[in-house]
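Since the structure of chain A is already known, use the hints to place chain B on it.
Protein chains: 2
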Amino acid sequence: MKLDSAGLQVLSYEECIRLLAGCPIGRIVFTDRALPAVQPVNFCLDGEDIVIRTTVGSKLAAATRRTVVAFEVDEFDPVARTGWSVTVVGHARAAEDPAEIERLAALPLTPWAPGSRDHFIVIATEQVSGRRLTQPG
Amino acid sequence: MKLDSAGLQVLSYEECIRLLAGCPIGRIVFTDRALPAVQPVNFCLDGEDIVIRTTVGSKLAAATRRTVVAFEVDEFDPVARTGWSVTVVGHARAAEDPAEIERLAALPLTPWAPGSRDHFIVIATEQVSGRRLTQPG
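Each protein sequence line maps, in turn, to chains A and B.
The letter at position 79 of the first sequence is residue 79 when you use full-length UniProt numbering, and the numbering goes up by one with no holes.
The letter at position 13 of the second sequence is residue 13 when you use full-length UniProt numbering, and the numbering goes up by one with no holes.
What you were told as hints is all true, and nothing was included just to trick you.
Each pair may be met inside one copy or between any two copies, as identical chains are not told apart.
Computed cross-link-like contacts, SDA-like style, restricted to lysine to any residue with a CA-CA straight-line distance of at most 20 angstroms: (1) 2 - 13; (2) 59 - 11; (3) 2 - 115; (4) 59 - 132; (5) 2 - 12; (6) 59 - 41; (7) 2 - 58; (8) 59 - 10.
Calculated from the structure, these hints are not laboratory results.
Given the structure is predicted, the values throughout are model-derived calculations rather than measurements.
Chain A on its own, in the form it takes in the complex (with noise of 0.2 angstroms):
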């Protein structure tokens, strides 16, 4: 088990896509007005890609066009005080081929958030990083 200088437990790559795939709700984090901003969002994975569904003219649409984003997904037991954590940084961009777009309207991913939201935000799961807290005993 690899440990990281803070002590929690590094994830494999594998680990970090297992965790990922299992989680409803992430948060996008971008800047927004050259301030660092932050937004939960429900999302599904596409082969290994973050795929979140907007309308086209939302701020989050507007601050993810073609830029870099890290998208994070967490559980924490505040009991046990454990838990888990996975970031993913990578390029997001717009789905914009009429193909691409049929095709992902048709994954498992409907907007909790009213309104018809249509336009695909897909972010590249470039560098995935991942660390799990346990408590000794």
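Quick look at chain B alone, frame taken from chain A:
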């Protein structure tokens, strides 16, 4: 009830602070080597400031010195597809005054991660926004 352009309920400042105060884990959003970065941390409030306890040599300590960061807490119910999130944006600083460090060390803030963590990061709650997602019916 005020809704934003995405149809989410806009939370009041007081509601945001109440939700922040009840959450043991948040995510600090910053820049690491020019890339967006995000890290879950346990925290507590000192008045309306966010206080995080880390090690002096950590990446987090280095990346959040005299800079603007975002800090996010949320809670979602994947079955009901409801939840809320609160995001703070503000200046982060390291506590350096011995009297302040002594005061912060007395807060009910025990690090979940192992190791000696006597370096305090304080985030000023300068901008606060919160949203709640409900489902009709």
